Amino acid sequence: MLPELGNFAIILALSFAMLQSFSPLFKQNIRFVQIGTTSAVAQLIFLSLAMFILICNFINNDFTVLYVREHSHHLLPFFYKIGAAWGGHEGSLLLWCLILSAWTIAFVFFSRKNLPRNIYSTMIAVLGALSTGFIAFLFLTSNPFKQDFPDSPMVGNDLTPLLQDPGLIFHPPALYMGYIGFVIPFAFAIAALLDGKLDNQWARACKPWVILPWAYLSCGIVLGSWWAYRELGWGGWWFWDPVENASLLPWLSATALLHSLIVSEKRNVFKGWTILLAIITFGLSLMGTFLVRSGILISVHTFANDPARGIFLLSFLAFIIGGAFFLYAVKIKDFYQASQFNLVSRETALLINSVILLTAMASIALGTLYPIILDSLNLEKISVGEPYFNIIITPIILILLLIMGVAPHIHWKQQSILLLWKKLRISLLLSIVLGVTLPWALGFKIHLLTCVGLAFGLWVIISTLQYCFTSKSSNHIPMITAHLGIAVLVLGITINKSYSEERQVKLFLNEKTSLAGYDFTFKKLDETIKSNYQSQIATFLIHKNEKKAGTLKAEQRIYLSHDQLFSKPGIHYNVFRDLYLTLGAQHSDGSWSIRVYYKPFVRWIWFGGFMLLLGGFFTFIPIRKRELL
Amino acid sequence: MNIIKIKFVVPLLVFFLVVGFLWHGLKVNPNHIPSPLINQPAPAFTLPQLFSPNEITSRDDFIGHVTLLNVWATWCNTCLEEHDFLLKLSNIESLRIVGLNYKDDTSLAKQWLQENGDPYHIVAVDSSGNTGIDWGVYGTPETFIIDKKGMIRYKHIGPINATIWKKTLHPIIIQLRNETL
Amino acid sequence: MNKCFIFFILLFLNRYSIAAEDYYKFNSHKDQQRFASLTSELRCLVCQNQTLAESNSPLAEDLRNQIYIKINSGQTDKNITDYLISRYGNFISYRPPLDSSTVFLWFGPFIIFIFGIFYLFYIIKKNKQ
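Protein chains in written order, with the working numbering: chain D, 9 to 637; chain H, 17 to 197; chain Z, -7 to 121.
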């Protein structure tokens, strides 16, 4: 009964989405525009209902629904049953549609009154068209409510063990809030192109709709990194996996968009560029979802899929984004407005920022897609992974950090280089000196690349703090927080990559091993049975310089419905380092293979990402209140 | 067309180029790894035979015949799927099927062949898997087509069935048969 | 008496200070680092989204053993990667080769950056006050 209702809810949502796409096109009559708005609300109601029903199906163990059967089990813990609703392709696509609808309503609620009617109606129609496309895709090819009724009693397949983690509850929703949120700036861009003009008011109205998804996407990426670290067993926090890269691409483009929007708002220029970036950013979001769901790439993230879905998504992507680029090509010349600024000016600095961020984005896209390109040309089959990306991205990031430290100090329109040098030379010197001496002070060996990374990261910190204390900067708290966040991230990455250590050993009970000055003693082994798995838990005592520093527990689980062993690492952490231990195979003589890792400063990486989120959040606090901070 | 117009069309052109590549990319299987050994001499090996452990097989045994080298193991379920078809193939006179028993237990292997039928002219036993590495084996079943001069001419990954035989493998075998030594 | 006492103390201490056996024993720390970096730059062909260092598949284990043996017998990093690439193709290396089909991959980013800088100067020139 419920699944049929869910199916019906999707059909209704689709109908309202179609109405939402067409009705506002008759913008002369306000009634038709209002029908568009009402349809959007109805769409949200029915999609929420569908999601609610799907979650109920999971909680009720309704295995007549194929999707539930494939991703759940009656012994699966309660919260994972909820998370499993978006653990597979069909359910996560429903979540996608729901979030798209939610963003539409948020836009209606906050911006409808501030926008002229023809802009608003174009945007609602564009949002409706996108909703229609995705809900149609859901209904026609990926319906989560598909049922069958076999004769034999049904057992669920259980959720993949890797997904049975709190990360499942938060990472996909945060990520989708980011990806999909960029639909609003995209709609703004289309509306501006069709309307034929773009002014400060447009930029000011659009800005929060870029910052909010950007913050969500940052959060989603950080959560993904943290989750992978805790789950995958070898202490890695970024793998240059194609789907990970696919999430980084819109983030880089959105950061460029954000900075370009600031210029458009303040100086009324770069409008064409802003519009182009808005289209590119959303286009990258769509390409990301295509890459994950089409089966075209190998990744730990991909849903199992058939190419037919890939064809639908690619065609949809080509139509929407191709159409947007076509509109841009035809209409953009109407937007050109010359400004006046010198070579050394904040305008230039922000343009350089765009060039760097887009070079990074294009390079990562190139590396990710290159194997597909060569394969489709019937040339050889290659892999492009960490060695390539590290070599390519490092110089780009260093240049970006350099500019990040200089830009806030440069005035709009023009700036004397001499004055700039005088202002910044002490900070520059301080960064270099600290960059070289910091490893020595922390007790580490000195490598060239480490000092370079530290110096550049410290440069951003020192220069940004200098700006913070020498100018009236309450308007700029978001920028300061976000830039500091990037610097903290860079410091974390530099130290972590330079000084991590690992060791693989065979241990018997009561034996110990040591790494990086810590001793790990294998104290005991327990067995336990939980709801849907059995586990062996190994407890280790950690000592440093003969004094007890803590304990950690590593597990090896066998899930009831999966035959494979699943290792859950034990982690002991503090602000400055993580100690990370994974159980490997148990040998016939009773000894265990274990891998132990020393990971300095890894939490700084996520904290830096969190500071980005904080910076985004600060933009929504009114300026007067910021002065209290 | 003046410069301004062209530069605005660039995003559209780049976009369609990317979409074109992605479209083609949908047609290939990303997991499928082609072998660098095609048109190279078969890698050297000396392995004992399954049913006569004191006798050795090596790549010299390929000379003068068109051979199908089939990599299999008793722990591989997909190998059982293709086994019936291999038995049919073994009836073809001019085709030799040589088995490479990969990382397996010899007594289990002998039992498996006795229970399910033996399509192989001989079976080489690669217990360590080192010969498999030399041949670039990464997942059973895999089948190599070797010509009369002992050169590898084709590698098929996955089980063989009638359709694959008719469409891909058989035409190659016919062509190789007509080649002289 | 003292000697016995010391002997027992040593025996007692010895039991608790047995350093665990390294799974892969190398002749030098540098060799160990070479092993770690080689295995993390090579792809597992079975679990294709993991490196040889990370994967638990039997083939990855076999290949790690081969690399271990080769490092200890004095082979260079290039020997080892050539050995693997000649058997499995360039797919097994996460570091793509530099040849005629990957020229654009390796130089593309630089070309894009230069192009961006030129376009930047063009815009600045147009807007100069």
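The set of hints was computed from the structure by calculation and includes no laboratory data.
Treat the hints loosely; a few may be bogus.
Using 25 Å as the maximum straight-line C-alpha spacing, the simulated BS3-like pairs for lysine-lysine come out as follows [what the hints assert, rightly or not]:
id: 1; chain 1: Z; residue 1: 117; chain 2: D; residue 2: 389
id: 2; chain 1: D; residue 1: 520; chain 2: D; residue 2: 480
id: 3; chain 1: Z; residue 1: 118; chain 2: D; residue 2: 274
id: 4; chain 1: D; residue 1: 520; chain 2: D; residue 2: 538
id: 5; chain 1: D; residue 1: 421; chain 2: Z; residue 2: 17
id: 6; chain 1: Z; residue 1: 117; chain 2: H; residue 2: 21
id: 7; chain 1: H; residue 1: 104; chain 2: H; residue 2: 164
id: 8; chain 1: D; residue 1: 341; chain 2: H; residue 2: 104
Computed spacing ranges between beta-carbons, pair by pair [stated by the list, open to error]:
id: 9; chain 1: D; residue 1: 456; chain 2: H; residue 2: 195; range: 39 to 47 Å
id: 10; chain 1: Z; residue 1: 17; chain 2: D; residue 2: 403; range: 35 to 43 Å
id: 11; chain 1: H; residue 1: 47; chain 2: D; residue 2: 351; range: 29 to 37 Å
id: 12; chain 1: Z; residue 1: 92; chain 2: H; residue 2: 190; range: 31 to 39 Å
id: 13; chain 1: D; residue 1: 398; chain 2: H; residue 2: 104; range: 16 to 24 Å
id: 14; chain 1: D; residue 1: 341; chain 2: Z; residue 2: 99; range: 28 to 36 Å
id: 15; chain 1: D; residue 1: 398; chain 2: H; residue 2: 56; range: 49 to 57 Å
id: 16; chain 1: H; residue 1: 195; chain 2: Z; residue 2: 20; range: 49 to 57 Å
Some chain H residues close to chain D (C-beta under 8 Å, calculated; not the full set) [as the list claims (entries may be wrong)]:
id: 17; residue: 24
id: 18; residue: 31
id: 19; residue: 46
id: 20; residue: 176
Since we're looking at a predicted model, the values are computed, not measured.
Glycine included, every Cβ here is placed at the ideal spot set by N, Cα and C.
Check each numbered hint against the structure and report the violated ones by number, ascending.
1, 2, 4, 5, 8, 9, 11, 13, 15, 20
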